[in-house]
Every structure is written in structure tokens, then in C-alpha cells.
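Colleague: Sequence:
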Amino acid sequence: MAGYIRCPVWSYIPNPLRCYKCHRFGHSKPNCRGTLTCARCAVAGHESNDCTAKEKCVNCKEDHPSFSRSCPSWKMEKEVVTLKFKNNISYPEARNLVKARISPAGYASVLKQHLVNNETQTNGTLICARCSAADTQSNLGTLSTDTDSDLIANPIKGKHPKRKNKALTLKCAKQGTVHKDL
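Quick note: the sequence shown uses full-length UniProt numbering, first residue 1, plus one each step.
Honestly, the hints are just simulated from the structure, not real lab data.
There could be a bad hint or two in this list.
[Stated by the list, open to error] Using 25 Å as the maximum straight-line C-alpha spacing, the simulated SDA-like pairs for lysine to any residue come out as follows: (1) K78 - C19; (2) K61 - R95; (3) K21 - C7; (4) K75 - G34.
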């Protein structure tokens, strides 16, 4: 309250920092290591003052200029800056939080959501109950204590076959899990 006048106050959140040389976000022109790029057509080598070419964004490759506020990259950067100032965290931390929240719907992320249930057994494929790594029917002959039919009926009770090349153990290691016999 200033004197007898009520003045609402809120924190200032700036727009994302955009370079006027390469038109990417996160740095300014004096610190730019990129090449001179047109903000309207995204072609390197000329400025956007007299450009009449078809519009294309440098950041998202869509049909709008790089300085457009309808750009998905600009909206994401605005969210990063907002999170940075509201939570008082660094720019890289804010960017990582926003990217984790807004993950692209690519092939790998769709597959993560639709993993096969560990107890499912089809077509003679063994599935490790701890890491979902698969082993094929051809290696069933080297099982230690369980019979082939028991293992196919209930893969969780069975043990992995001992393999000379340890490919299954490597699959588990790549996924960040420790492979042990069940």
C-alpha cells in the first residue's frame, strides 16, 4: 500500500531471451556462436529486413517467423522462464523440469507406456520378471532345473538359460537393472 492508494504488485516475468543473430533461445547476440540467420525464412546468410521468402521458424521449422509468439518453442521457453523465476532455480534446472513434463509422443515414449506385462508368455519367448528383457525359445535346451513346459507355463518361476555370450545380462545392464536368477 502506497500512502492511501492500494496498488497490487506481482513479480515480473520477462520474455524468453532470443538471439537476434541466429534467432535461437537461451542466449543473446553478443554471446552467439551461430551464423547470421533470417528470422522470417530461416535461411542463413541474410537478415530479415528485406526478406520476401516463405516464412519458416528457425526453432520449430513450422510456417511462421522465428519471432512469433504462437511458436511452440517460444511457448516452451516462456514456461521455462516462468518456472525459473517463480521457483528461484537455475535456467538449466527449469528447462529439465519443463522437458520432463512435456515429453514428445515419439516411438520410445509410446513403447514405455505400453510395456508387456511380465507374466505374459507368448510364442515361446521368455521374459525376465525384473527387467522385461526377452530370451527366445531356441535357448530353452540349456535350462538348469526347470523343464521346458514348466518354464513356458510360468516364466517367473524359471531361471534364465546360461548363455555363453551373456546377451540377456547385457540387456538388463543397458536398462539399468541387475539381472539375477529368480
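Colleague: Are the hints correct? Go through all of them and say.
Modeller: Here is how each hint holds up against the structure:
1. For the proposed pair K78 and C19, the alpha carbon gap of about 15 Å is at most 25 Å, so the pair holds.
2. Our distance criterion of 25 Å between C-alpha atoms is met by K61 and R95, whose separation comes to about 20 Å.
3. Between K21 and C7 the alpha-carbon distance is near 39 Å, which puts this suggested pair outside the 25 Å criterion.
4. At roughly 22 Å between alpha-carbon atoms, K75 and G34 fall within 25 Å of each other, so this suggested pair holds.
Taken one by one, the earlier hints fail for this structure only at number 3.
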